[in-house]
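**Q** Given next are the chains, with one letter for each unit.
There are 2 protein chains.
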Amino acid sequence: MPTIKNKSIITKTKLFKVEKLDIEFENKVHREYEVISGTGYGAVMVMPILNDEFYFIKEYAAAVDDYSLTFPKGKIDEGELILDAANRELQEEIGFKSTMLKHIYTLDLAPGYIDHKTYIILAEGLSPSKLPGDEPEELIIEKCAKQNLSSFLNENKNIDSRALAALYIYKYGLNNVK
Amino acid sequence: MPTIKNKSIITKTKLFKVEKLDIEFENKVHREYEVISGTGYGAVMVMPILNDEFYFIKEYAAAVDDYSLTFPKGKIDEGELILDAANRELQEEIGFKSTMLKHIYTLDLAPGYIDHKTYIILAEGLSPSKLPGDEPEELIIEKCAKQNLSSFLNENKNIDSRALAALYIYKYGLNNVK
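Chains H and E supply the protein sequences, listed in that same order. In terms of my numbering, the first sequence opens at residue 1 and continues consecutively. In terms of my numbering, the second sequence opens at residue 1 and continues consecutively.
Incorrect hints may have been included.
Copies of one chain are not kept apart here, so a pair can be met inside one copy or by any two copies together.
Straight-line C-alpha distance at most 25 Å; calculated DMTMM-like pairs for lysine to aspartate or glutamate [as the list claims (entries may be wrong)]: (1) Lys7 <-> Glu34; (2) Lys117 <-> Glu32; (3) Lys12 <-> Asp65; (4) Lys157 <-> Glu24; (5) Lys20 <-> Glu34; (6) Lys14 <-> Glu34; (7) Lys171 <-> Asp65; (8) Lys157 <-> Glu135; (9) Lys5 <-> Glu137.
For the record, the hints were derived by calculation from the structure and aren't laboratory data. As the structure is a computational prediction, the values presented were derived from the model and not from experiment.
Generate the whole structure from the sequences, applying the supplied hints.
**A** Pasting the structure below:
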């Protein structure tokens with residue numbers, strides 16, 4: 001395994017921390033890396049399924065200045081359990097709560113340069129329940145039957161890579177939460 | 001559409017830029033966002049297929065301080081064409097060149113807070129050809145037959161979310177490069 005010889009914080013903003021790492025590889029080669037980490041507790045992404053339909057949301061995505069298609073998701077609050085965060089986001093973003101939440105995968109966004117975990121949660125057993133959210137405007141909810149996903153996804157742009165990864169994880173039964 | 005009322009750079013490092021955006025939504029609600037963008041020209045991720053096998057790489061991922069499974073990938077150099085970058089990375093990282101490269105998708109990593117595009121390139125028509133890379137140590141190449149992907153992926157940890165997204169894109173014929 002490579003060894004972290006030195007680690008220093010270059011800068012820290014409200015949401016992000018950028019660090020510089022000096023890494024020594026087993027062959028004694030040294031390399032400097034810049035890596036980002038969030039300043040919070042990670043995020044949940046919830047895949048809600050009801051009557052063989054997936055529930056997606058469309059929301060304004062500031063980094064690309066356009067609307068983006070994704071699953072209900074959000075930051076985990078301090079001290080909050082992963083599944084509680086998932087059920088809260090579900091109620092805030094699509095107006096459902098779930099009695100069958102399952103954490104199936106912990107996803108690494110881009111492990112080479114971002115230390116950010118997204119917990120992928122499958123949500124079945126849905127029933128209406130609304131909590132007030134902190135969204136600046138009403139989210140658009142889009143449903144899609146499982147068998148129509150390909151054409152639905154081809155019609156949408158700015159899809160969050162994690163939503164596509166989550167669909168692969170679901171479809172092929174991947175599970176890294178043993 | 002929401003309007004960007006103000007945009008300022010909070011900090012800039014060698015690799016990253018963090019900006020603060022003041023967004024006004026159509027309902028006149030204002031919200032501040034912090035977003036990250038890379039300082040380069042985006043990245044390619046290449047899916048090499050030979051004899052019904054995918055070629056993956058395992059490389060040290062500094063942000064999680066562990067080895068990560070992903071596809072051959074790397075930054076696009078200034079002035080470099082996307083497919084040229086893909087063919088260069090292929091030769092540097094797995095020792096093959098391709099005569100059948102196809103840009104099938106432009107992937108958004110996490111459009112809510114990172115403006116980073118990864119160009120997903122399918123690479124067939126492979127033949128041996130090696131270029132020297134800039135890796136600090138030899139990359140580990142892992143092949144997997146298409147029909148064994150689920151068990152292979154379940155045995156690996158720290159998988160780049162973009163590799164899972166790319167597999168979904170490939171499997172379901174998604175294409176946002178018209």
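**Q** Hint by hint, say whether it matches the structure.
**A** Status of each hint after checking the structure:
{"no.": "1", "hint": "Lys7 <-> Glu34", "result": "both (10 Å within a copy, 24 Å between copies)"}
{"no.": "2", "hint": "Lys117 <-> Glu32", "result": "both (23 Å within a copy, 23 Å between copies)"}
{"no.": "3", "hint": "Lys12 <-> Asp65", "result": "both (23 Å within a copy, 20 Å between copies)"}
{"no.": "4", "hint": "Lys157 <-> Glu24", "result": "between (41 Å within a copy, 22 Å between copies)"}
{"no.": "5", "hint": "Lys20 <-> Glu34", "result": "both (5 Å within a copy, 20 Å between copies)"}
{"no.": "6", "hint": "Lys14 <-> Glu34", "result": "both (18 Å within a copy, 8 Å between copies)"}
{"no.": "7", "hint": "Lys171 <-> Asp65", "result": "neither (30 Å within a copy, 29 Å between copies)"}
{"no.": "8", "hint": "Lys157 <-> Glu135", "result": "within (21 Å within a copy, 33 Å between copies)"}
{"no.": "9", "hint": "Lys5 <-> Glu137", "result": "between (46 Å within a copy, 17 Å between copies)"}
Hint 7 from the earlier list is the only one contradicted by this structure; the remaining hints agree with it.
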